[in-house]
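J.: Sequence:
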Amino acid sequence: MAKSINIKTGDTVKVIAGKDKGAQGKVLKVLREDDRVIVEGVNQIKKHEKVVNTGSGNTGGIVTVEAPIHVSNVMLVEGDGVTRVGFKKVEGTKKRPDGSTYTVQRSVRVSRKTGEEI
1 MAKSINIKTG
11 DTVKVIAGKD
21 KGAQGKVLKV
31 LREDDRVIVE
41 GVNQIKKHEK
51 VVNTGSGNTG
61 GIVTVEAPIH
71 VSNVMLVEGD
81 GVTRVGFKKV
91 EGTKKRPDGS
101 TYTVQRSVRV
111 SRKTGEEI
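Residue numbers (UniProt numbering): 1 to 118.
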């Protein structure tokens, strides 16, 4: 069973370990099965792609793409620094189709540094 990942697509993260330590970027994709994330502009590799003739021209050659990086090597950016992610339950209300309302609890991500919702 894979552990939960507190980073989501679209979050801004900072690399805290590895060859790109200190770099910041936006999370493009989260690979939950492998506990990895793909961060824009971080951990770039050269990839050889086969040339394919398409109607709009030739594609292929040597391209630079972002490789996945382990989720333990990145931290969520908040304000000027980085923070860990916590969770708390928040009560809200929902409407039923007949118009009546009821209360529900939902889990929201919060910053461990400031306690604010992310």
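Derived from the structure by calculation, the hints contain no laboratory data. Just so we're clear, the structure is a prediction, and the values are computed from it rather than from any experiment. You may find that some hints are simply not true.
[As the list claims (entries may be wrong)] In silico DMTMM-like pairs for lysine to aspartate or glutamate, Cα to Cα no more than 20 Å straight-line:
#1 Lys26 x Glu49
#2 Lys50 x Glu66
#3 Lys3 x Asp34
#4 Lys3 x Asp35
#5 Lys19 x Glu66
#6 Lys89 x Glu66
J.: Check the hint pairing Lys19 with Glu66 against an upper bound of 20 Å on the C-alpha distance.
T.: OK: Lys19 and Glu66 at ~13 Å, within 20 Å.
J.: Hey, Lys3 versus Asp35, does the alpha-carbon distance stay inside 20 Å?
T.: Given pair Lys3, Asp35 holds - Cα atoms ~8 Å apart, limit 20 Å.
J.: Does Glu49 lie within 20 Å of Lys26 when you go C-alpha to C-alpha?
T.: It is violated: about 25 Å lies between the C-alpha atoms, which goes past 20 Å.
J.: Would the pair Lys50 and Glu66 pass a check requiring their Cα atoms to be no farther apart than 20 Å?
T.: Holds, at roughly 18 Å.
J.: For the pair we were handed, Lys89 and Glu66, check the Cα-Cα distance against 20 Å.
T.: violated, 35 Å
J.: Take the C-alpha atoms of Lys3 and Asp34, compute the straight-line distance between them, and say whether it is at most 20 Å.
T.: Roughly 10 Å separates the two Cα atoms, so the pair holds.
Of the numbered hints given earlier, the model fails hints 1 and 6; all others are met.
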